[in-house]
Amino acid sequence: MQNLVNEAEEVTIRSVVKKDAKILKLAQETFKGNDLLRKKANALIEQLKLGNINPGIGTKNISKNIFEARSRGGARVYFRNSSNGVEIVGYSHKGNQQQV
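The opening position of the sequence shown corresponds to residue 1 in my numbering, with each subsequent residue numbered one higher.
Quick list of in silico lysine-lysine cross-link-like pairs, BS3-like style, CA-CA up to 30 Å:
id, residue 1, residue 2
1, K19, K64
2, K60, K22
3, K18, K60
4, K49, K32
5, K49, K60
6, K94, K25
7, K60, K25
8, K32, K60
9, K25, K49
10, K94, K19
11, K94, K49
12, K64, K49
13, K60, K94
14, K18, K32
15, K19, K49
16, K40, K18
17, K60, K40
18, K32, K19
19, K94, K40
20, K22, K39
21, K22, K32
22, K60, K39
23, K18, K49
24, K39, K94
25, K25, K40
26, K19, K60
27, K39, K49
28, K94, K32
29, K64, K22
30, K64, K25
31, K94, K64
32, K94, K22
33, K40, K64
34, K64, K18
35, K94, K18
36, K39, K25
37, K22, K49
38, K40, K22
39, K19, K39
Hints were generated in silico from the structure; no laboratory data involved.
Given the sequences, and given the hints that come with them, work out the whole structure.
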């Protein structure tokens with residue numbers, strides 16, 4: 001398991017999802033009525049916060065600086081590393097990940 005920081009430190013997590021109306025709507029649709037998927041996504045974010053950049057079943061580099069953290073339950077959290085920590089840029093589930 002690879003970590004960004006020492007175990008005593010936490011990574012700053014910031015979401016920029018609300019800055020894009022299309023991405024925000026997709027995130028809302030992704031989690032609507034699906035509390036388990038929301039919990040799986042939150043678990044991925046908690047692992048990122050602890051410095052684990054490979055949470056869940058693994059992380060894929062999907063573009064130049066955007067990564068996809070994946071859970072076994074189908075949750076997807078899209079993020080990028082920044083000088084201030086990690087920025088969450090989107091959410092999906094396995095079935096709609098191509099739309100993000």
